[in-house]
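K.L.:
Residues per chain, in single letters:
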Amino acid sequence: MEQFDYVVLGASHAGLEALRAIRAHDSDGSIAVLDREARLPVSPTVLPYVVSGKRRQDRIALRERGWFDDLRVDYRQQAHAAALDSAHSRLRLADGSEIGYGKLLLATGAAPAVPPIAGLSDVRFHVLRTLDDALALREAGRSAGRAVVLGAGLVGMHAAENLARAGARVTIIEMRDQVLPGYFDATAAARIQAAFHDNGVEVLTGRRVASVAPRAGGCTVQLDGGEPCDANLLLVAAGVRPEVSYLAGSGVTVERGVVVDAFMRSTAANVWAAGDVVQTPSFFGDATPAGGILPDAVEQGRTAGMSMAGDPGVRAYPGGVSLNTYGFFGRRALSVGRDAPQQGGADWEVLVRGGEGSDAYLKIVLRDGRLQGVFGVDVLFDPGIMWELILRRVELGARAKALLENPQDAARALMSGLWR
Amino acid sequence: MSATPTIAFDAARCDGCGHCMNACVSAKSSDAHRAQPRIQILRDDESGRWGIAQCRQCGDPRCASVCPAAALEKGDDGIVAWDGKRCVNCLICTAGCTFGGIAFSPAEGHVVKCDQCEGAPQCVAACTRGALRYVTTATLYNRWGELEDLFVPGLGGCQGCNTELIMRHTLRRVGSNTVLATPPGCIPGMGSVGYNGMLGCKVPVFHPLLTNTASMLTGIRRQYKRKGRNVTALALAGDGGAGDVGFQSLSGAAERGEQILFICVDNEGYMNTGAQRSGSTTYGAWTATTPIGESARGKTQDAKNLPLLMMWHGCEYVATASTAFMEDFYAKLEAALDASQRGFAYLHLYSPCTSGWRFPSASNIEVARKAVETNFAVLWDYRRDQGLKLSRDIDAPLPVTEYLKLLGKFRHLDATQIAHIERHVAEQEQVLRELAAMHPRERRQVVGHQSDLMAVDLDQ
Ligand SMILES: Cc1cc2nc3c(=O)[nH]c(=O)nc-3n(C[C@H](O)[C@H](O)[C@H](O)COP(=O)(O)OP(=O)(O)OC[C@H]3O[C@@H](n4cnc5c(N)ncnc54)[C@H](O)[C@@H]3O)c2cc1C
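Chains as they are written, first to last, in UniProt numbering: chain R, 1 to 420; chain U, 1 to 460.
These aren't lab readings, by the way, just hints derived from the structure by calculation.
Nothing here was measured: the structure is a model prediction, and the numbers come from that model.
The beta-carbon is built from N, C-alpha and C at its ideal position, and this holds for glycine as well.
Among the hints, erroneous ones may be present.
[Unchecked claim] Counterexamples of contact, computed for chain R against chain U with all Cβ distances above 10 Å: (1) Gly102; (2) Ala118; (3) Arg146; (4) Gly200; (5) Glu255; (6) Ala287; (7) Arg315; (8) Leu351; (9) Ser358; (10) Arg393; (11) Arg412.
[What the hints assert, rightly or not] As a list, the in silico DSSO-like pairs of lysine-lysine whose alpha-carbon atoms are at most 30 Å apart: (12) R:Lys54 with U:Lys28; (13) U:Lys85 with U:Lys74; (14) U:Lys74 with R:Lys54; (15) U:Lys28 with U:Lys74; (16) R:Lys54 with U:Lys304; (17) U:Lys389 with U:Lys304; (18) U:Lys28 with U:Lys85.
Bound conformation, chain U alone:
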C-alpha cells in the first residue's frame, strides 16, 4: 500500500472565508449542474474553531472496504477514486467514513468526493491564509524507499530513537559513493561502524576521535580528489562531536570551505555515555552532570546556537531540520548534498532522546514536532548567496510550555526557570526573524566566503 499526497488543514489559520469551497464548486460544476463542494469548512460554535470535512484519501480507506459494488478504490496515485459505472447509490460508503469525506449530492444524484483535482487542488490554490496545504511528503518517502538502504538491518538504537531514521534516510540519498565518518556517540554506538570486524554499512566507514572528524574527512576528501575520484565526504556526528569537543576541527574545515557534508544529530548532550550535559543542553535541563537536588536545579547556562555559529562561518549551506518535518528535511538534504560538492555544508537535526530526556518512546516525533511548533527549534536554511530563510512561519507559535511539559528532564522547572527559557526562545526567534528579513536577494550576500568575496569584487 502506498502513501501519497494529502491536503492538510490548519484550523488555527482558517477564518472561514469559504474561498476554498467556492473554488471547489467552480472546479467541479458543469453545464448540467452546480456541484456540491467536496470540501466543507464549518464552524463549531462551542469551541469557536473552524473544522473541515474532506476526503483524507486514507491509506486504508474504509469507504472502499464497505462498498458492496467495488465502486471505490485507492489508486497508485493515492486518490480514492469513485467509479460511477459501478456505484449503486446505496450510500454505505458514507457509513464507512468518519471525516465526512464522501457524501450524497442531491443535485448530482450520487455520492461525491475530493479527487485533488489531478494534483492541483483548487481549494488549496484559493486559500490565502495557509490553512490548506497540499502535502506531498509521503510520495517523497516512497521515493526514498526505492533507494538502497546502505546500513545493515538492525541497528541497535534505543527504542523510539529517531537517529536510525536520520541515518538510513540520509545515506539512502547520499548514496554509495561516500566515505562516512561517525565520531564517538550514539551513531557508532548503535552499530554504524560494525561489530566483530564486520562493517555496519555498505560504504567505507571510519571512527575518528571526537576531536578530529572534520580534519580526517578533509584529508580523505582531498586525497580522493588528488587521485581523480569525487566521493562525498559525510560526517554523522552528535552535538558533542560537532559543537563541543569536535568544534575546533569543524570550525576550521568550515572556514576553509572544505567540500564536506557534515550532519550533526543534536540530542542536546552526551547521551550515549550516560546523559551528561553538552554545550547544546538547554538551560534548566536535568542531565547526569547537572542534577536536581537541594540547591542544583539543572543546567545553569543557555545552549549555544550551533547552526547559527556555523552560518557565521560563511558555509556554502547551513540548515536546521527535524524528523517531524521529513519533507523539509529531504529538501534540505538535497540542497546540502549539492552544496557539499562546492564547499562546506552543515545540517543540524534535532533529535529528541527518548532515554536521556525522559519521555515515552512512542512520542519521539511528537516531541520533535512540538519543539518546532513552539519555536524552541526553528527551522531555517542559509545559502551563501541568498542568506537565511525561515522554512516555516514562526509568528504564531504554541506556548513553549507545550514543549517543556512533554519532557521529564524539565519536570522540576520553577516559574523563574520557565520564564528564562521562554525569554531565550523569544530572543533566538527575534535574531532569526531579523536575519530572515535582511532581503539578501537584493544585497546578494549576507556573509561572504573569503575567496568568493574576492570573486565578487572582481565582478564589480
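This is chain R alone, in the form it adopts within the complex:
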C-alpha cells in the first residue's frame, strides 16, 4: 500500500490552499493530492463564464502541473475516493487501490442538491458544478428556446442571465419570496429582480414546483396550484449538499457537512476537513448562513493545512461570514455579513439609503456600534475591508454616517489607520 505523510482529497480552492500551507511549514513531508477529475483543477465559480462563452475551457485551470511539481506534491487525477477507514488511516479509491496517510484533508466540496420533486428523475435536467456540467449547459443553451431555472440563488441567477443572453426565454422559480435569499434583503432583491424583468426574464417567487413530467424535446413543470410551464431546458439550482458519499462508516461525523473544530479537525483522528464539504459555523454564532463560498474555502484550507503541518502560526478559524460579489447585466451587488433580525432590540441599528427609484441602494447593519453587515446594489465598496472590520469587531462610532455616505472611502480611511 502506498503511504504519504499528507493526503489531500480534492484539488480545488480548499485543497490547493492547504497544500501551500502544509509546504510552507513542512518542507520534507510527502504529500499527495487526489482528485476524481481527469483534468487540471477548475473552480466551480468560473463555470458561469464558461457557460456564457466568456472564457474558453482551456484557459481556466486554477493551477498548472508545474505548480504541483514546484511544491513537490504528487498530484493525481482520476483518483476517486470511494471509502475512508480512519481507524487504520487508509483511503480506498474507486479503482480498488488503497492509500495510507499520516494526516488526511477532506476537501471534496459539494454537489448540487436535487430536491425531492415528483417526476424529476424521469426527465433530463441540468445542474452546474463541474466543467462537464458547464459544457453541457452551454451546448443546450444555444438552442434552448424555453428554459426553466429552479432556484434563485447565485448559481440559478447567473445561469438564468446566461441563458437569456444566449437567446432563451427564461423563467426562474424560487420557493422563498425573493431572489438571492440569505444574501440580500427584500429591497435589494427587488432591485435585482427588476433588472431580470427588464431583460425579459420571468421571475416567480414564493412558488413551488409540484411535479415535472417528460415531454417531447423537454419537460413540463407543474407549479403548485398553478399553470404548467413547458421547458426545453431545465436547470436545477436548488442549493448544494456536501460531497460526503465516501464517508459512510468512516468514523467522521457528518451533520449538515463534516463536523469540525476551530482548527478544521474532524471527529476522527488525523482527519481534517475544509471548504464546502464542511458544516461551517457562523462567525456570529447564530443561524446566519455560513460557508459554501470560495473565500471561506480558502481560509479553511489554510487553517487546516497549517494545523496539519503543526505550524505554530495557526490561528483558530473565526467562523464563516457570508460574503458575495454578484454581477448581473453589467451591474453589481455586494453583500458582507448579516442583516438585523426581525425583532432586533435596541442594540441593533440599521442605516439605509436609496429606496425605490434611486440610483443605488445601501444598507449598513450595526450592533452595539459594531459592523454586522453591509449590503449594496449599484454601490461600490471593498468587501474585503468590510469583512475585516466585522471580524475585528471594530467600533464604528461616529463613522457610521460617513460609511453610509461613502462606504468605500470611509472604510478605507478607517482600515488604513488600523494597519501599522
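Could you slot chain U with the ligand onto chain R? The hints should help.
P.N.:
Showing chain U with the ligand alone in chain R's frame:
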C-alpha cells in the same frame, strides 16, 4: 516565496495634497479612458489622519488565493499581476483584499490595481513630503540570502537577540577572505569562536583579550599585507570591548588609520556576564551594578557617544545603524567595507538586549525601531571627505517616552529622570544637526586625517 519592493506610506507626513493620485491617473490613463487611480489617499475625519488604499503586493496575496480564474499571480518581480485575458470580473479578489488594493473601475470595466509602474512608481515621484517611499529592502535581503552564510548553523544567542542577524549578515557580505576577531562578550559567547576545538565559522577567527582587539587585528592585517595578501580584518565586538576596556587599542588603531573594519554591537552594557553597566549604558538604566533600591535609582551618568568619538578620530568611515532599518545597515556595511581597504572603518550597531533590558523577546526589532524613531539612537554616517550626514530626517521624532516605556530597565524612572534623558537626547540631536549642517561638500573636510591633510595642503 520571494520578498520584494514595496511602497511605504507615512501617514504623519501626508497632507492629502493628492499629487500621488493625479500622477497615477496620468500614468495609467489612455486615449480610450481616464484611469481610476490605483492609489487613494483618504481622510479619516474621526482621527484627522490620512489613510491609504493601495496594493501592498503581499508576499502571500489573498486576492490571488481566492481568484477562481487564476488571473492574479505574484511574479518573481514581486508584483501581483493581473491578467485581463483570464479575469472573469467576478470581483472575488476585492473580497480577498483588506487594503482596498484591488477595486473595480467602472470606467475601465474591470478591477484595477497598482503595478508599481515597472519599478518607477509615479506616485512616489510625485510626493513632495516624503509620505510615500519606494522601499526595496526586501530585494536586498534576497541578495544577502544568496551569499554564503559563513557561521555555523545554530549559534547560541538568547531568544530574540538581533546579534545573530548582525553577525551572519555582516559576514555574508564581508565574505570569506577575512580574519575575524571577536573579543569577550556575547558574540564569542554564542559560539562564533566555536566549541570543543571546532570553529564557529568558516573563516579564521580568534578570541583576543577585551583590551587588545584592534592591536591584534593591526598586526594580523599588516603581516598578511607584508606577505602580499589582502585580507579584510574584521572585528565584531561589544560596546565594552570597543568603547571601555578595549578603547585604548581601538583609539590607537583608528588614529593610525589601520585598515580595519571594526563593528561594535552596542547592547549598552556587559550583558553576557550578567548585565553590568558600561560606558554606553543610558542614564537612569537599571543594571546589575546600578541597581534600584531605597536610594539608588539606576545609572547616574549619561552614556558616552562612542560613534561620535570615533568620528573625531578622523576615520575613513564611521556610521551608526540599526537592525530595524536593514536597508540602511546594508548600505553602510557596503561603504564601511570599501573604506576599510583604505583606512579605519567603524560601524556602530544598536542592539537591544532582550534579557538584560527586560522586554519580550518578540519585540527586539520594534524596540530598535522606536529607539531610532524617538531620536534616542540617531542614524548617520560620516565620510572623511564629506563629513557627517543624517540617514533619516530627525525633525519630527516620537516622544522619547515611547521608547523608554518599552523597556523594563527604565520602569522605575521618575519624572526628573525622564526629563534628564529627554534633555540628553535633545542635546545629542542638536549636536548632530549642527554637524550635518556644516555643508562639508563645500568645505571638503570637516575633520582631516593627518597624513591626508598634508596631501590636501600639497594640492593647494
Ligand atoms: C456555479 C457556481 C458559482 C459560484 N459562484 C460563487 C461566487 O460567485 N462566489 C463565491 O464565493 N462562491 C461561489 N461558488 C461557490 C464556490 O465555488 C465554492 O465555495 C468553492 O468552490 C468551494 O471550494 P472547495 O475546495 O471546498 O470545493 P470544490 O471547489 O467543490 O472542489 C472539490 C474538489 O473535490 C473533488 N472531489 C469531490 N469528490 C471527490 C472524491 N470522492 N474523490 C476525489 N476527489 C473528489 C472535485 O473533483 C473537486 O475538484 C459558486 C459555485 C458554483 C457551483
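K.L.:
Does each hint fit the structure? Answer for all of them.
P.N.:
Each hint, compared with the structure:
1. Gly102: Holds, since 25 Å exceeds 10 Å.
2. Ala118: Ala118 (chain R) clear of chain U: closest Cβ-Cβ about 35 Å, beyond 10 Å.
3. Arg146: With a cut-off of 10 Å, Arg146 (chain R) remains clear of chain U, as the shortest Cβ separation is near 27 Å.
4. Gly200: Non-interface label on Gly200 (chain R) holds, nearest chain U Cβ at 22 Å vs cutoff 10 Å.
5. Glu255: At about 26 Å from chain U, Glu255 (chain R) clears the 10 Å cut-off, so the statement holds.
6. Ala287: holds (22 Å)
7. Arg315: holds (14 Å)
8. Leu351: Non-interface label on Leu351 (chain R) holds, nearest chain U Cβ at 17 Å vs cutoff 10 Å.
9. Ser358: Ser358 (chain R) is indeed farther than 10 Å from all Cβ atoms of chain U, at 17 Å.
10. Arg393: holds (15 Å)
11. Arg412: violated (4 Å)
12. R:Lys54 with U:Lys28: Holds, because 25 Å separates the two Cα atoms, which is no more than 30 Å.
13. U:Lys85 with U:Lys74: The hint holds at about 16 Å.
14. U:Lys74 with R:Lys54: holds (24 Å)
15. U:Lys28 with U:Lys74: holds (20 Å)
16. R:Lys54 with U:Lys304: Not OK: Lys54 (chain R) and Lys304 (chain U) at ~71 Å, beyond 30 Å, violated.
17. U:Lys389 with U:Lys304: Given pair Lys389 (chain U), Lys304 (chain U) holds - Cα atoms ~20 Å apart, limit 30 Å.
18. U:Lys28 with U:Lys85: Distance ~18 Å between Lys28 (chain U) and Lys85 (chain U) Cα, so the pair holds.
Hint compliance for this structure: hints 11 and 16 are not met, and every other hint is.
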